[in-house]
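S.K.: Chain residues, written in single-letter form:
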Amino acid sequence: MAIDEDGLTPHVRGVFVSRSEVMDADDVRRALWRMAHEILEHNQGVSDVALIGLQTGGVPLARKLAANLAEIEGSNIPVGYLDVAFYRDDIGLRPVSPREPTEIPFDLSAKTVVLVDDVLFTGRTIRAALDAVTDFGRPASVQLAVMVDRGHRELPIRPDFVGKNIPTRRDELVDVREDSVQIGEYKESDQ
Amino acid sequence: MTPAKHVRGVEDLGKDGILEILELSNHFLEVSNRRIPKVPALRGKTVANLFFEDSTRTRLSFEKAAKRLSADVMNFSVSSSSVKKGESLRDTVETISAMGVEAIVVRHKSVGVPWILTQWTDASIINAGDGAHEHPTQSLADCYTITQQLGSIAGKRIVIVGDIKHSRVARSNVKAFSALGASVALVAPPTLLPPSIENWPVDIIPDLDVAIKEADVMYLLRMQLERQEESLVPSLREYTNLYGLTFDRSKKLQKSALVMHPGPMNRGVEISGNVPNLPNAVITNQVGNGVIVRMAVLYHILGSGIALAGLSSEDEDND
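Going line by line, the protein sequences match chains A and B.
Here the first sequence stands for residues 157 to 347, numbered as in our numbering.
Here the second sequence stands for residues 866 to 1184, numbered as in our numbering.
Keep in mind that the hints are not guaranteed to be accurate.
[To be verified] Below, a list of computed lysine to aspartate or glutamate pairs in the EDC-like style, where the Cα atoms sit at most 20 angstroms apart: (1) B:K929 to B:E895; (2) A:K343 to A:D327; (3) B:K932 to A:E341; (4) B:K903 to A:E256; (5) B:K1117 to B:E1091; (6) B:K903 to A:D291; (7) B:K903 to A:E259; (8) B:K974 to B:E952; (9) A:K320 to A:D335; (10) B:K929 to A:D291; (11) B:K903 to A:D180.
[Stated by the list, open to error] To give an idea of the chain A side of the interface with chain B (calculated C-beta under 8 angstroms), a few residues: (12) D239; (13) Y243; (14) G248; (15) P254; (16) P257; (17) F292; (18) G293.
I should point out that these hints are in silico values taken from the structure, not numbers from a laboratory.
We put the CB at the ideal spot given by N, CA and C, even for glycine.
Given only the sequences and the hints, what does the whole structure look like? Please build it.
M.R.: What follows is the structure, encoded as structure tokens:
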């Protein structure tokens, strides 16, 4: 979820309230189809490509991209899942708990690793992911695919493959699902 | 839930805290299987191991856990310290704390030491065994091992056999197992049951041959001869005949029943030499899981963000 990427210590968690839908199911499907083609074109095939979806929002997107790549090229590519909690730079500043298991059942060495996430915001999650990836091996290169680039980078990180660039305010939230992308904000709840 | 500041006893975590540690342990199990089994989560944090009593597996596993989380580790053992020159517990702890430590892992022969330490230092305290009182991280390793093997603890029959009276592992485990919904039975000679036993949420079964048939987990304890101040059993041989898990007796176990022991084992006394090699004996799993759950405990405490949550240690104590 984009909620992961806020970096801004929402200690009292609220409820996401959507204000507008910026991509519908067809838009998301088309974007993933185009991104799969861009990955192929950029790497001249998929023979050494592996996808790693970031927990939790990047995982369904990585699966879908892998399915698209398999459909286009006729060969399956390895897909892993990574939870970056233990590599974050805000451990001890706010509660940072891993969400879902990390599972990278293949050797990353000499592979072209494409990190897949739902929203690119400050870039801190990707920074953590880069550190984590190197603990699993020495990839030939690492690329980044995101469904939404919403700006506000705090680190020198840029995506290679983007579903949609969406200018946002810092306090807004972007919620990426398999059938839509919504912009909205937190409404405080008493939970 | 709010993360705990200390893990002095099972009560510092409660049911929710135990479940959270077990969940966190799944992630650290995965970390431990990596090519580089180390994460930078606790860089810059210092963990002091303060062992006033002998230990092999607990001290080493705390050290390994802290190092896998990239924390710095200071080891202290009495034999090579100024305690030998007469320094008091309080001065020792204040000295260590003055050097800047975020967590102190303490083992001491006296009951209650982890609680008194919280008055002398701001560091988080983790109990690695206080006398015959509590050993919460062993208990977490046991809970994790059972959950891994049997899927869950709730509804299981766990039979603990042996020197309950002197066992901190038994005390912590009775609390943790019953908090998670297991039914616990104790089997021991009356002289090795503690006087307070009627307040425990357990059944007492005098005959091991009866209890063994209903056990989902057979948990054996060591005869702690070093803590027994008087002769509490006529002979070790008689103890083995009545309360030891001999190879013949182990045939009465249910097929799926686990055999557990916190170590160190006295083979031939409470457990027969070949029983630890049975397929359902998970004693080495308990040791391996010791590192995993201690990573989870250290991360739960030191990576929790409790500092920013606006909670002072005082607030935390009142939870």
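S.K.: Decide, hint by hint, whether the structure agrees.
M.R.: A quick look at each hint next to the structure:
1. Distance check on the hinted pair: B:K929 and B:E895 sit about 15 angstroms apart at the alpha-carbon level, within 20 angstroms; holds.
2. Restraint check: the Cα-Cα separation between A:K343 and A:D327 comes to about 11 angstroms, which is no more than 20 angstroms; the hinted pair holds.
3. Pair hint B:K932 plus A:E341 does not hold up; C-alpha atoms about 40 angstroms apart against a cutoff of 20 angstroms.
4. At most 20 angstroms may separate the alpha-carbon atoms for a hinted pair to count; B:K903 and A:E256 meet this at roughly 18 angstroms.
5. Note on B:K1117 and B:E1091: the hinted pairing is violated, with a Cα-Cα distance of about 31 angstroms set against a maximum of 20 angstroms.
6. Of the supplied pair hints, the one linking B:K903 and A:D291 holds, its CA atoms being roughly 8 angstroms apart against a limit of 20 angstroms.
7. As the CA atoms of B:K903 and A:E259 are separated by approximately 15 angstroms, the hinted pair is consistent with the 20 angstroms bound.
8. Restraint check for B:K974 and B:E952: satisfied, since their Cα atoms lie roughly 16 angstroms apart, inside the 20 angstroms limit.
9. Between A:K320 and A:D335, the direct Cα distance comes to roughly 14 angstroms. Compliance with the 20 angstroms bound is thereby established for this hinted pair.
10. With a C-alpha separation of about 18 angstroms, the suggested pairing of B:K929 with A:D291 holds against the 20 angstroms cut-off.
11. A C-alpha spacing of about 41 angstroms is found between B:K903 and A:D180, which places the hinted pair above 20 angstroms, so the restraint is violated.
12. Residue-level restraint check for A:D239 holds (minimum Cβ-Cβ distance to chain B is 7 angstroms; threshold 8 angstroms).
13. Annotation: interface hint on A:Y243 holds; nearest CB of chain B at approximately 6 angstroms, less than 8 angstroms.
14. Among the interface hints, the one on A:G248 holds; its C-beta lies about 6 angstroms from the nearest C-beta in chain B, closer than the 8 angstroms criterion.
15. A least Cβ separation of about 4 angstroms between A:P254 and chain B falls short of the 8 angstroms threshold, and the interface hint therefore holds.
16. With its C-beta approaching chain B no nearer than about 6 angstroms, A:P257 sits inside the 8 angstroms limit, and its interface hint holds.
17. A distance limit of 8 angstroms between C-beta atoms decides the matter here; for A:F292 the minimum to chain B is near 6 angstroms, and the interface restraint holds.
18. Taking 8 angstroms as the C-beta contact cut-off toward chain B, the hint placing A:G293 at the interface holds, the least distance being around 7 angstroms.
In this structure, the earlier hints numbered 3, 5 and 11 are contradicted, and the remaining ones agree with it.
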